[in-house]
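Just so you know, the numbering used here puts 86 at position 86 of the sequence shown, and the rest follows in order with no gaps.
Treat the hints with caution; some may be incorrect.
Restricting the straight-line Cα-Cα distance to at most 25 angstroms, the calculated cross-link-like pairs of lysine to any residue (SDA-like) are [stated by the list, open to error]:
{"hint": "1", "residue 1": "53", "residue 2": "141"}
{"hint": "2", "residue 1": "59", "residue 2": "125"}
{"hint": "3", "residue 1": "95", "residue 2": "141"}
Computed Cβ-Cβ distance ranges for the label pairs, DEER-style [unchecked claim]:
{"hint": "4", "residue 1": "148", "residue 2": "65", "range": "34 to 42 angstroms"}
{"hint": "5", "residue 1": "65", "residue 2": "123", "range": "27 to 35 angstroms"}
{"hint": "6", "residue 1": "9", "residue 2": "109", "range": "43 to 51 angstroms"}
{"hint": "7", "residue 1": "10", "residue 2": "151", "range": "31 to 39 angstroms"}
{"hint": "8", "residue 1": "41", "residue 2": "156", "range": "21 to 29 angstroms"}
{"hint": "9", "residue 1": "47", "residue 2": "109", "range": "31 to 39 angstroms"}
{"hint": "10", "residue 1": "71", "residue 2": "143", "range": "28 to 36 angstroms"}
{"hint": "11", "residue 1": "28", "residue 2": "101", "range": "19 to 27 angstroms"}
{"hint": "12", "residue 1": "105", "residue 2": "125", "range": "19 to 27 angstroms"}
{"hint": "13", "residue 1": "90", "residue 2": "148", "range": "49 to 57 angstroms"}
Rather than coming from a laboratory, the hints here were simulated on the basis of the structure.
C-beta: ideal position from N, C-alpha, C; glycine also.
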Amino acid sequence: MPHSQKLQRTASEDIDQKLLNLLAENSRQTNQALSERLGLAPSTCLARIKALKESGVIKRFTIEVDPEAMGMPLQALVSVRLRPGARHLMNAFGKELRDLPEIKQFFVLGGADDFLIHITARNTEHIRQFVLEHLSSNPAVAGTQTNLVFEHGRGTTSGL
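From just these sequences and the hints, can you work out the full model?
Here it is in structure tokens:
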């Protein structure tokens with residue numbers, strides 16, 4: 001694409017991006033505080049939030065729980081490969097993962113691995129037991145690889 005045809009962000013998109021970044025920082029900020037930080041009228045700020053929710057950009061507001069404060073100071077990423085003949089079990093496997101308290105989040109992948117599971121645990125033995133009981137013992141699982149997480153960070157809400 002020639003340089004002159006690059007897409008330009010509109011002022012509205014810039015405001016939406018800043019608003020999303022502020023909400024990602026703390027979604028419990030008051031509309032008044034958000035509007036002041038953005039230099040907008042409170043009614044305009046509220047209208048932008050409503051439009052972002054209605055368009056599906058904002059799916060929900062959530063909380064982030066500190067695993068360490070809950071007695072789960074260790075985190076790990078576990079890659080899971082399903083057996084070639086078990087690909088039809090991917091949905092069922094994903095549903096099983098949702099109900100496990102150690103699961104912080106998981107991703108269904110395309111590539112060498114089928115799942116990437118982010119877990120929290122009390123200690124390395126807890127991780128070992130989790131992998132043995134819930135993953136390795138599952139007949140659909142061909143293999144796993146576990147990596148300890150030393151630090152976890154988040155990006156901004158870029159994408160607008």
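Hints violated by the structure (listed by number, smallest first): 1, 2, 4, 5, 6, 13
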